[in-house]
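Trainee: Generate the whole structure from the sequences, applying the supplied hints.
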Amino acid sequence: MPDPSTTSTFNWLYVLAPTVTFILGFVTAAFAEPFRQWWYRPKVELTFRNDSDHVAWTPYQEAGGETEAYYVRVGVLNKSRRLARKCRAYLINVEKKEKSNFTDSLYADSIQLAWSCRKLGTELEAIDIPHGVKQYIDLIATIKSTNVCEPQIKPYPFRYRELFSIKNQDLRFTIQVSGDGLDPVLLKVVFCWKGKWNEFDVYQEE
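In the working numbering, the protein residues as written are 293 to 498.
These are calculated hints, taken from the structure and not from any lab test.
One thing to keep in mind: the hints can contain errors.
The calculated label-pair distances, taken between Cβ atoms and stated as ranges, are [as the list claims (entries may be wrong)]:
#1 HIS423 to THR395: 33 to 41 Å
#2 LYS335 to GLY356: 27 to 35 Å
#3 GLU337 to SER437: 34 to 42 Å
#4 ASP345 to ASP475: 22 to 30 Å
Ideal Cβ placement from N, Cα and C applies to all residues, glycine included.
Mentor: Shown next as structure tokens:
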């Protein structure tokens, strides 16, 4: 003779099974797509090396004619299979070296940096970066005719011009790249300015 308790349990399971199935299906549908989007989100890597790709000499056109300049650039590589959409680069911090330590400067903004080799007027537009493609961000320009060090931020607030005009100083720049569905990526670059347009050291801080 069947155990009444066993039969009752079976009946309850029979009644609850469709409800449990519905709940599991709902939960799966609700969370599967967000999880898939997170798992397959685009991933970019910022790079800097002291080579001709990242410290690029170039002729420089100005009102008085042609001169020379160096552009310090940061590489942005899309390492994922997904398109990295609407990427923008920002200078989010500038620190200056005091004795042996870097300390806060008066820089207190997040200002867009220009993309390299873009059509005039489009340097600050968001760009899509396909898998395996490297783009570059212009970080600093040093110009022979004026012998200045200029961060490639736009706008360039007047209050920061004194900070970057000081000769023989070390500055640490923090760059951030953000985009749609992209976790923000940071890189720190140290620029050691010797006071002449073509006399500087620059390196990535690990």
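Trainee: For every hint, state whether the structure bears it out.
Mentor: Status of each hint after checking the structure:
no. : hint                         : result
1   : HIS423 to THR395: 33 to 41 Å : holds, 40 Å
2   : LYS335 to GLY356: 27 to 35 Å : violated, 45 Å
3   : GLU337 to SER437: 34 to 42 Å : holds, 35 Å
4   : ASP345 to ASP475: 22 to 30 Å : holds, 25 Å
The structure is inconsistent with hint 2 alone, although it conforms to all the rest.
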